[in-house]
Amino acid sequence: MIDYKNTPHHPIVEELVDLLVRKTKHAQREFFRVEVAYFLSTVASVLRTNIESKDRGKIPVNTYTILLGNSGIGKGYSIGIMERKILGKFQKRFINELLPNVAEKNIIRLSQQVASRTGEDVGQIIDKYKGEYIAAGPYTYAFDSGTVPAIKQMRHKLILAQLASLNIICDELGMNLASNMEVFATYLELYDQGLVKSKLIKNTKENKRNAEIPGKTPANMLLFGTPSKLFDGSQTEQLFMSLLDTGYARRCFFALADNSKLKYKPEDATDLYLQSTNGTNSATIDKYSNYFEQFADETYVDRTITIPDDVAIALLEYQLDCENKAEELPKHKELHRTELMHRYFKASKLAGVLAFIDKTSSMTKTHLAQAIKITEESGNFFHKILIKDKPHELLAQYIAEVGSEVTQADLVEALPFYNKPQQVKTDILNLAIAWGYKNNILIKRSFQDGVELLSGESLKKTNLDELIVSYSEQFAEGYITDKAPFNELQTLFQTKAINWCTHTFKECYRREENVIDGFNLIVLDVDTGVPISIAKEILSDWTYAIYTTKSHTEKENRYRVVLPTNYILKLNEEDFRIFMKSIQEYLPLGSDTSTHQRNRKWNAFSGGEYHSNVKELFDVLPFIPKTKQNDVYINHRKNAQPIANLTHLENWFIQRISTGDRNNQLLKYALMLADNNVELDIAINKVKYMNSLISNPLDNEELTRTIMKTLRKRYE
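Using this note's numbering, the first residue of the sequence shown is number 1407, and each one after it goes up by one.
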């Protein structure tokens, strides 16, 4: 197998990519390599370059390319540099000098062949062909749109000339896709050999058919645009996917710009300006403008790049490797499989282009490796294009990133794919909420005067080494912002004369108006609730810290429970109050219900006990107001009515037991009774009663053999 991974890219390609990176200030080299490969291919293609091997025969070189990227990444600018500054001289000389000269010679040669076969007058045939050549209009090196009859007319002109290729460069693909579908269908035929079937039309005095002349006309295609216009979740996206499915997936090179590669700071401005204006750019442009101009000469017309046996075998090895990889893909990834299985053909044509611009007549393994390297980069881009964000994913991301509440009208205006009938919009929004739940995006819904308001944020997971706290020796002033590791919280909680908070504050002044959004600790103040031993059983599945307060006694346990949350949350004053109330109602600790302020301070105490546990982080998603998860949680609580003769703590256990893990939760309940000094016989009866309340209770034998056995050992 050819070692393309360790083969450097073609030096001419890399120098031109360097130029485009400097000029556009966009650092994604893989994107520009695909673009440069297209323009190099047009040079070889208009000069009718072919590749030839013993097993495949003669094949014209040409390239189809799709470039996608958001506005501002330099697609149009870089294409302009390649068209006008790098290949401008070549195109001008080709159109004005080379094409007319070669066309005239070929028309004479073709006329002589026809005359010798038919016996017609050579002069008349020459005049006829010249008339057809002129009637087809001037040759356009690259056009942005067209009609099928016009393409076939131009193709007839180029067959008469036996030179040039049909090159389409279509901008704003999403906007122009539908209007060019017939043209794109014709280009499907043109790709492999430059052949296309003729359409039979009625021959009249006013509209006479030209006699068909056998011949090939290579075609090149560059389609570019913004992904959002193409993947609109409606007809345009369906047309594009249909285009890929009918043959463009296997024919095209692909590139997808990554906006993350275009991030500079204000202090980079000087360097960026110097990069785009330095002499290296002018020197590179002059060097390759002159280099490619040389090719507009008859000595480079109709060249054939031979593929030696060892290179042909290496190409076949690459083909078999791609086919084997394609077979390993799931059946539903049909487009992935198709593109992968045909990479070898695109690579072989591109290798011929690279050999041509090196002015050699034979393809080397290096040329093939360089072409495969770009083909593989294109394949990676194609994979990213196919796993593009779906409409509901884009909706969730937009709501999370927009930074303010939005209405349905705002969404319709901002997102073209969302302009759908009401039921479709509802479905997309519900999918967005569900997708956000799985992808750390929180979407909130509320209503104001009957208008639905949506807001969201991308949730960041809590790092236990970066717990948000602020602290001060004063009552309200001097609160220092810090990020404390969980294993160092004891130092904070047991430092003498320190007050601390779960939020941070502007100007270090502790008051509600100064609260900075963002917290990942919640605090429960337990003064007259359950003993610490029972709290530890209740909280045993989560990471927690417990420290006792100054008023704690062995008889009356008074302590604070500090729970790191699984996400960093940003809740306003009202939502925070509802959030904390919901958690206090959920956890049966008997905590103080008056501690719902974001700016609440907590006193440290240097002389108390400290307990901690490291397990799962407490899942806060069900408790965040105005969210789908919170609606589900509230409905569950409404449906799970508490059993009248059970305490809050016992009802909490019965709900946990009902949702799964019967054995573990029953055991926790039993050990909690033991730690609370309930007599053994009473504890046994309580456990049996609790077991009887669940829908699928443990049988007596299993209950005795497992939970009761452990319970008796605890008492012993």
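Since the hints were made in silico from the structure, they are not lab data.
Each hint should be verified, as a subset may be incorrect.
Stated by the list, open to error - Simulated pairs of lysine-lysine, PhoX-like, Cα-Cα distance not exceeding 25 Å:
#1 LYS1889 - LYS1491
#2 LYS1491 - LYS1558
#3 LYS1866 - LYS1771
#4 LYS2032 - LYS2044
#5 LYS1867 - LYS1987
#6 LYS1987 - LYS1976
#7 LYS2034 - LYS1796
#8 LYS1796 - LYS1737
#9 LYS1912 - LYS1942
#10 LYS1731 - LYS1635
#11 LYS2034 - LYS1850
#12 LYS1693 - LYS1737
#13 LYS1844 - LYS2115
#14 LYS1942 - LYS1976
#15 LYS1790 - LYS1731
#16 LYS1867 - LYS1976
#17 LYS1771 - LYS1464
#18 LYS1850 - LYS1731
#19 LYS2021 - LYS2044
#20 LYS1831 - LYS2032
#21 LYS1866 - LYS1889
#22 LYS2115 - LYS2094
#23 LYS1771 - LYS1411
#24 LYS1511 - LYS1536
#25 LYS1498 - LYS1464
#26 LYS1511 - LYS1460
#27 LYS1942 - LYS2115
#28 LYS1635 - LYS1956
#29 LYS1866 - LYS2021
#30 LYS1796 - LYS1889
#31 LYS2032 - LYS1867
#32 LYS1511 - LYS1431
#33 LYS1850 - LYS1976
#34 LYS2115 - LYS1866
#35 LYS1536 - LYS1464
#36 LYS2034 - LYS1956
#37 LYS1889 - LYS2044
#38 LYS1850 - LYS1867
Hint-by-hint comparison with the structure:
About 54 Å separates the Cα atoms of LYS1889 and LYS1491, which puts this hinted pair outside 25 Å; it is violated. For the hint linking LYS1491 to LYS1558, the alpha-carbon distance of about 30 Å lies beyond 25 Å, and the restraint is violated. For a cut-off of 25 Å, the pair hint linking LYS1866 to LYS1771 is broken: about 48 Å separates their Cα positions. Of the supplied pair hints, the one linking LYS2032 and LYS2044 holds, its CA atoms being roughly 17 Å apart against a limit of 25 Å.
Taking the CA atoms of LYS1867 and LYS1987, the gap is about 23 Å. The hint holds against a cut of 25 Å. Taking the CA atoms of LYS1987 and LYS1976, the gap is about 16 Å. The hint holds against a cut of 25 Å. For the hint pairing LYS2034 with LYS1796, the CA-to-CA distance comes to about 20 Å; that is within 25 Å, so the pair holds. The straight-line distance between the Cα atoms of LYS1796 and LYS1737 is roughly 21 Å, inside the 25 Å bound, and the hint therefore holds.
Restraint check for LYS1912 and LYS1942: the C-alpha separation of about 35 Å exceeds 25 Å, so the hint is violated. With a C-alpha separation of about 32 Å, the suggested pairing of LYS1731 with LYS1635 is violated against the 25 Å cut-off. For a cut-off of 25 Å, the pair hint linking LYS2034 to LYS1850 stands: about 8 Å separates their Cα positions. This hinted pair does not check out: LYS1693 and LYS1737 have alpha carbons roughly 49 Å apart, beyond 25 Å.
Between LYS1844 and LYS2115 the alpha-carbon distance is near 41 Å, which puts this suggested pair outside the 25 Å criterion. Annotation: proposed proximity of LYS1942 to LYS1976 is violated, straight-line Cα distance about 28 Å (limit 25 Å). With a C-alpha separation of about 17 Å, the suggested pairing of LYS1790 with LYS1731 holds against the 25 Å cut-off. As the CA atoms of LYS1867 and LYS1976 are separated by approximately 13 Å, the hinted pair is consistent with the 25 Å bound.
Of the pairs offered as hints, the one joining LYS1771 and LYS1464 holds, with about 19 Å between alpha carbons and a cut-off of 25 Å not exceeded. A distance of roughly 43 Å separates the Cα atoms of LYS1850 and LYS1731; the hinted pair therefore is violated under the 25 Å criterion. Restraint check for LYS2021 and LYS2044: the C-alpha separation of about 29 Å exceeds 25 Å, so the hint is violated. In summary, the hint linking LYS1831 to LYS2032 is supported, as the alpha carbons are separated by about 19 Å, within the 25 Å threshold.
Between LYS1866 and LYS1889 the CA atoms are separated by roughly 15 Å; this keeps the pair inside 25 Å, and the hint holds. Using a Cα cut-off of 25 Å, the hinted pair LYS2115 and LYS2094 holds, with the two alpha carbons roughly 13 Å apart. Under the criterion of a C-alpha separation no larger than 25 Å, the hint pairing LYS1771 with LYS1411 is consistent with the structure, at around 13 Å. Pair hint LYS1511 plus LYS1536 holds up; C-alpha atoms about 11 Å apart against a cutoff of 25 Å.
At roughly 29 Å between alpha-carbon atoms, LYS1498 and LYS1464 are farther apart than 25 Å, so this suggested pair is violated. Note on LYS1511 and LYS1460: the hinted pairing is violated, with a Cα-Cα distance of about 30 Å set against a maximum of 25 Å. Taking the CA atoms of LYS1942 and LYS2115, the gap is about 21 Å. The hint holds against a cut of 25 Å. Restraint check for LYS1635 and LYS1956: the C-alpha separation of about 64 Å exceeds 25 Å, so the hint is violated.
For the hint linking LYS1866 to LYS2021, the alpha-carbon distance of about 19 Å falls within 25 Å, and the restraint holds. Our distance criterion of 25 Å between C-alpha atoms is broken by LYS1796 and LYS1889, whose separation comes to about 37 Å. Proposed proximity of LYS2032 and LYS1867 is supported: the alpha carbons are some 20 Å apart, at most 25 Å. Between LYS1511 and LYS1431, the direct Cα distance comes to roughly 46 Å. Violation of the 25 Å bound is thereby established for this hinted pair.
Using a Cα cut-off of 25 Å, the hinted pair LYS1850 and LYS1976 holds, with the two alpha carbons roughly 12 Å apart. Distance hint between LYS2115 and LYS1866 is unfulfilled; the C-alpha atoms sit about 44 Å from each other, more than 25 Å. A threshold of 25 Å between alpha carbons decides the hint, and for LYS1536 with LYS1464 the separation of about 29 Å lies outside it, so the pair is violated. This hinted pair does not check out: LYS2034 and LYS1956 have alpha carbons roughly 41 Å apart, beyond 25 Å.
At roughly 38 Å between alpha-carbon atoms, LYS1889 and LYS2044 are farther apart than 25 Å, so this suggested pair is violated. Of the pairs offered as hints, the one joining LYS1850 and LYS1867 holds, with about 18 Å between alpha carbons and a cut-off of 25 Å not exceeded.
Hint check: violations occur at hints 1, 2, 3, 9, 10, 12, 13, 14, 18, 19, 25, 26, 28, 30, 32, 34, 35, 36, 37; the rest are consistent with the structure.
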